[in-house]
Amino acid sequence: MAARILTITSGKGGVGKTTATANLGAALALQGQRVVTIDADIGLRNLDVVMGLENRIVYDLVDVVEGRCRLRQAMIRDKRLSELYLLPAAQTRDKTAVSPEDMVRLTDQLRPEFDFVIIDSPAGIERGFKNAIAPADEILIITTPEVSAVRDADRIIGLVEAEEKDTTYLIINRLRPDMIRREDMLATSDVVELLAIDLIGIVPEDEHIIISTNRGRPVALDNNSPAGQAFRNIARRVIGEDVPFMVIRENPSLMDRLARLVRGR
Amino acid sequence: MSIWDKLLGRREPTSREVARERLQLVLVHDRAKISPQLLQTLKDEIIAVISRHVDIDREGVEVTFTRSRRQSRLVANIPLQGSRQRRK
Ligand SMILES: Nc1ncnc2c1ncn2[C@@H]1O[C@H](COP(=O)(O)OP(=O)(O)O)[C@@H](O)[C@H]1O
Ligand SMILES: [Mg+2]
Chain W
1 MAARILTITS
11 GKGGVGKTTA
21 TANLGAALAL
31 QGQRVVTIDA
41 DIGLRNLDVV
51 MGLENRIVYD
61 LVDVVEGRCR
71 LRQAMIRDKR
81 LSELYLLPAA
91 QTRDKTAVSP
101 EDMVRLTDQL
111 RPEFDFVIID
121 SPAGIERGFK
131 NAIAPADEIL
141 IITTPEVSAV
151 RDADRIIGLV
161 EAEEKDTTYL
171 IINRLRPDMI
181 RREDMLATSD
191 VVELLAIDLI
201 GIVPEDEHII
211 ISTNRGRPVA
221 LDNNSPAGQA
231 FRNIARRVIG
241 EDVPFMVIRE
251 NPSLMDRLAR
261 LVRGR
Chain A
1 MSIWDKLLGR
11 REPTSREVAR
21 ERLQLVLVHD
31 RAKISPQLLQ
41 TLKDEIIAVI
51 SRHVDIDREG
61 VEVTFTRSRR
71 QSRLVANIPL
81 QGSRQRRK
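Protein chains in written order, with the numbering used here: chain W, 1 to 265; chain A, 1 to 88.
Excised from the complex, chain A in its bound form (with noise of 0.2 Å):
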């Protein structure tokens, strides 16, 4: 770290910092029993099916995991291509 960074109040992240996110990601995957593998496998398939009926922005689509509690969730956010509906 500069000299500038410090002055700037820029900092490295303290080790809790990087303890809190290493055990965030560790214990999403320990309780799904889901790799990022899979999980980008699932993404590929999501987007298979949907863009069979619906046209989607494949570059937006974002499948993810949330907590609250004890639950994990996986989330998918699917945007629309301009919101606009593919006629049959």
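So that you can see chain W by itself, here it is in the shape it has in the complex (with noise of 0.2 Å):
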């Protein structure tokens, strides 16, 4: 069986595709799938702190390319899980050290070994998202349910477009229940009919991240967090599953309509 290439990309920054790269590889480690986490960021490494791998770095993707180190030598294991590897970015070198045609090289040598590539995207249109996107089979964009962002993916998804990668799929991060119940932030069925893309998962906003991500520990191995039984969720659709979309409850209460009208909103 050969790999299937992920890439998880978003126009803006800071809208949760690190997080979503550490979260659906170790929630795909979980259902025994073999996975290899790729930072393609680089110059501004990040993936291996979220990841909690970040003292056991020693060659990254710029030494695999240039021939320093095999490219086994730069995987780092995830000792948590049997079968998670991360190859971590370079910090020292900008993104014109790696070229599209090196990431489909080096996807292609693990092709073979596993089943889930998962590359993480830097923020952008420039050669780092070309170089994230050219080896994939796959594209997840990633967004919150924000105007700005909302506009970058659609950005984002028409350049994908343009590369004729055809399979898309959406993840809406950050979603605030209460917010979307007091009809003061975009629900999930407003994005997903803007942006006309298959829906493949909606993270709620989730403290836990914070707290996870200060351990180095991804919130989809702990059964508490709601961000991570999502993550969870995601990785299942990957595989092909079906499970259904959590509940954030869209439509608003008697009692909020009651509050809004006394606003006057």
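Please keep in mind that the hints were generated in silico from the structure rather than gathered at the bench.
Keep in mind that the hints are not guaranteed to be accurate.
[Said to hold, decoys possible] Think about it this way: if two alpha-carbon atoms lie no more than 27 Å apart in a straight line, the pair counts; the simulated DSS-like pairs of lysine-lysine are:
no., chain 1, residue 1, chain 2, residue 2
1, W, K165, A, K33
2, W, K130, A, K33
3, W, K165, W, K130
4, W, K165, W, K79
5, A, K43, A, K33
6, W, K165, W, K12
7, A, K43, W, K12
With the hints in hand, could you dock these two chains into one complex?
Laid out in structure tokens, this is it:
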């Protein structure tokens, strides 16, 4: 079996790409899948700390590309899970050290031995983004339910389609049920309608993410975290299971309606 | 908003509704790379071309965008003048 290569990208920065990569990687590994995550954000390495593997880095992506080490030597195994590896980004180089062709060659080497390769894309639409999407079989576009993030996501969807990548899925991150109930946040249905691509996950705003990032332990490993549950659900959908979406109540209750009436809005 | 508006159930749009509407417009223009000015130019030229051959109700002409899935579509709605065709 050849690995599927998934790239997680967005238009806007800070919407949750690295968090999603770490958690989807962990959640797929929990399902018994053999997974490699790749940090393609060269110069701004981050996935290592979110996964809690920063102390074990010896070589990085650029060392592999430039032939200073073998691919396997640069891959760090996550000891909490049986088959999860990280290929970290270089911190001291810039994105031009790697080309889209390098990424294709490198991931082709991984294909025979793994089930999934997950690539964490840098923000923006420059070289780093091109590197990240070049080898992708499927692209997961992540956005928050905010005007600027949705707009940038739409632009990225256009660019991804221009690259003839037609398997794109949407993840909406940081949904706040309370604000959705008050009609003060775009709802899932609004974002899906506007962007018109298939939804594969909704992730609520969750403090566990901050705590887990502090500890370097993805929330997908935490059974009490709603966001962790959301990422585990996404992993199961990626594998092909039919998992219902979390219920984030979108219709205002009578009390909400009364409150709005009183506030005059 | 007055107390009457509230009692009659009138309300300002919610921030969700405003966001949705603003995004709809922004995305249409981002995708098609067509500015409102260009849209007006298109409309003027369409009217000019068509009215050379057919009597149309110029005031009623509408040139708009619609979207379905990831396709933006330019739609021109051109009412004919009394639906009579000009005799040459
Ligand atoms: N669902 C969430 N709930 C709470 N905080 C989140 C959530 N998703 C992401 N964050 C926080 O948002 C910030 C940006 O996330 P990150 O994954 O680094 O984004 P990106 O990689 O797109 O720049 C981080 O501080 C992260 O902890
Ligand atoms: Mg990041």
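So, going through the hints one by one against the coordinates:
1. W:K165 - A:K33: holds (21 Å)
2. W:K130 - A:K33: Roughly 22 Å between the alpha carbons, so the hint for K130 (chain W) and K33 (chain A) holds.
3. W:K165 - W:K130: holds (12 Å)
4. W:K165 - W:K79: violated (34 Å)
5. A:K43 - A:K33: holds (16 Å)
6. W:K165 - W:K12: holds (20 Å)
7. A:K43 - W:K12: Outside the cut-off at roughly 35 Å; violated.
Going through the hint list in order, the structure does not satisfy hints 4, 7.
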